[in-house]
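Here's the letter readout for the chains.
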Amino acid sequence: MIELKDISKIYKTKNGEIAAVKNVNLTVHKGEIFGIIGYSGAGKSTMIRLLNGLEKPTSGSVIVNGQPISSISGNKLRQARQKISMIFQHFNLLWSRTVAENIAFPLEIAGVPAAERKVRVKELIDLVGLSGRENAYPSQLSGGQKQRVGIARALANNPEVLLCDEATSALDPETTDSILELLLDINKRLGLTIVLITHEMHVIRKICHRVAVMEAGQVVETGDVLQVFQQPQADITKNFVMQVSGTKDSKDSIEQILANYPTGKIVKLTFIGNKTEQPIISQLIKQFNVEVNIVHGNISQTASGPYGTLIVQILGEDSNVQKALNLLNSIEIQTEVIEHA
Amino acid sequence: MLSELFPNVRWEDMWQATYDTLYMTIISTAATFIIGLIVGIVLFLTSPHQIWANKIANFITGSLVNIFRSIPFIVLIILLIPFTKFLLGTIRGVEAALPALIIGAAPFYARMVLIALREIDKGVIEAARSMGAKTFTIIWKVLIPESMPALLSGITVTAVTLVGYTAMAGIIGAGGLGNLAFIDGFQRSRDDVTLMATIIILIIVFIIQFIGDFITTKTDKR
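Order-wise, the sequence lines are chains V and A. Quick note: the first sequence uses UniProt numbering, first residue 1, plus one each step. Quick note: the second sequence uses UniProt numbering, first residue 1, plus one each step.
Read the hints as simulated data drawn from the structure, not as lab findings. Predicted model only: the values in this text are computed from it and were never measured. Note that the Cβ used here is the ideal one computed from N, Cα and C, for glycine as well. Among the hints, erroneous ones may be present.
Claimed, not checked - Restraint-style ranges between C-beta atoms, simulated for each label pair:
| id | chain 1 | residue 1 | chain 2 | residue 2 | range |
| --- | --- | --- | --- | --- | --- |
| 1 | V | 113 | A | 11 | 53 to 61 Å |
| 2 | V | 71 | A | 93 | 24 to 32 Å |
| 3 | V | 17 | A | 207 | 57 to 65 Å |
| 4 | A | 79 | V | 170 | 52 to 60 Å |
| 5 | A | 121 | V | 56 | 51 to 59 Å |
| 6 | V | 132 | A | 30 | 38 to 46 Å |
| 7 | V | 173 | A | 140 | 18 to 26 Å |
| 8 | A | 135 | V | 239 | 37 to 45 Å |
| 9 | A | 13 | V | 113 | 55 to 63 Å |
| 10 | V | 158 | A | 54 | 31 to 39 Å |
| 11 | V | 68 | A | 49 | 20 to 28 Å |
Throw the hints in and build the complete structure from the sequences for me.
Put into structure tokens, the structure is as follows:
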């Protein structure tokens with residue numbers, strides 16, 4: 001559906017050249033929700049704008065929905081853009097138009113007759129749950145409602161691809177979740193391919209199937225969301241995973257436990273899928289005569305299944321502790337012995 | 001009572017002058033709005049990072065605007081005499097004042113249009129582009145409606161300035177209240193005529209400002 005080949009984007013500034021994107025290769029399949037995560041300045045804004053031709057790559061090629069976006073221009077590009085919609089962090093609605101008129105705007109651009117526009121706008125307003133607000137102006141809406149208008153507007157011309165530019169970054173956590181659920185629902189119901197950029201791992205965890213991690217213009221890691229959560233490779237990815245697994249907060253408590261209990265082992269366990277539901281801790285205690293002290297625990301739902309982390313202190317005779325660790329390793333639970341916080 | 005307070009005012013002349021002033025103001029404001037809007041949009045779209053970003057075109061348009069904006073109006077009228085004569089065959093009468101009024105005010109308004117357009121959220125223009133909008137659609141359905149309150153308050157200020165300009169144009173014989181106040185009032189020392197002409201000009205300005213403010217508030221949905 002989307003293919004980026006050897007993409008580089010170099011900006012010329014007074015202080016020399018800046019590479020916003022460097023040698024990126026990426027494939028996004030039809031119907032998947034693909035997340036690109038990175039801190040600000042990592043090049044994700046440029047990346048997503050390459051996908052609808054708002055930015056042109058310095059080198060490499062971009063193919064979206066069968067169209068060579070990086071090399072077409074004029075009318076052809078405008079036609080292609082009607083099938084590659086975008087929603088924005090700051091919504092970018094026209095304040096001079098009502099909700100219904102904002103949603104009708106892309107239909108006007110596509111030359112849809114007025115009568116058909118009216119029917120389609122009604123459908124879209126129902127789809128995003130804004131019935132009754134069609135004649136309100138954006139200034140009268142909350143952030144979440146504005147983004148719903150943005151989504152309805154983006155869906156107006158039945159796009160194949162939806163690009164989300166930090167679509168939930170300006171929203172509070174609860175509204176973020178309701179918008180993410182709406183996106184997930186749209187993805188399932190309409191089979192729409194979604195590419196989103198974000199700096200919040202929460203967003204990736206909640207709806208993405210696959211993820212690419214960007215740092216300094218390069219993609220440093222790609223993979224299925226669960227796999228990346230379980231075995232993050234790059235340091236930056238580990239940092240992002242900590243955002244949701246909450247292990248960053250437990251750093252202090254680990255330090256304290258390490259200080260208070262110099263004996264035993266502090267172990268970080270990472271579970272995925274149905275293993276989160278097995279009674280592993282009680283099994284350890286019964287089978288090996290060890291004591292297990294829970295320092296920190298967390299289970300998160302991802303689009304492809306649950307994912308959990310547990311930090312425990314295992315106390316007992318060295319041989320028993322070792323046996324316990326062997327068991328954990330043998331049942332394919334990611335196990336990491338923490339020596340220092 | 002009025003004829004006691006204003007013994008020298010010939011009301012027939014006063015109304016004719018008022019009509020002439022209104023005529024000059026309305027026609028020149030309308031023309032200034034259209035020309036200023038076009039020039040302002042060109043200035044905006046050719047500036048860096050915009051759709052038609054073009055240093056040369058932007059420089060030329062910007063320079064023309066600045067040149068005409070900095071010539072004092074009274075000098076502009078004189079400079080434009082040959083042009084007006086060529087265009088209309090005469091330099092007297094209300095029509096003859098129009099070229100100078102429009103050329104004097106349009107660059108001024110074009111600057112205000114540019115300021116108004118710069119205030120538009122860049123994201124909204126980007127959103128329209130991402131939907132596949134043509135430049136014309138962006139101008140017509142994004143730039144103009146999204147800056148409408150500023151465009152309207154700008155044209156209100158310009159219209160008030162134009163009332164003042166018509167008075168100046170009156171001095172070279174364009175007719176209107178300024179002409180009447182100068183020839184009938186000042187040169188013949190009939191202070192009551194000058195006063196009456198001033199009062200009517202004030203009323204015109206107040207009405208323009210009131211209508212302008214009213215419509216500006218109405219269009220602003222932010």
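> Checked against the structure, which of the hints given earlier come out wrong?
Replying inline: 2, 5, 7
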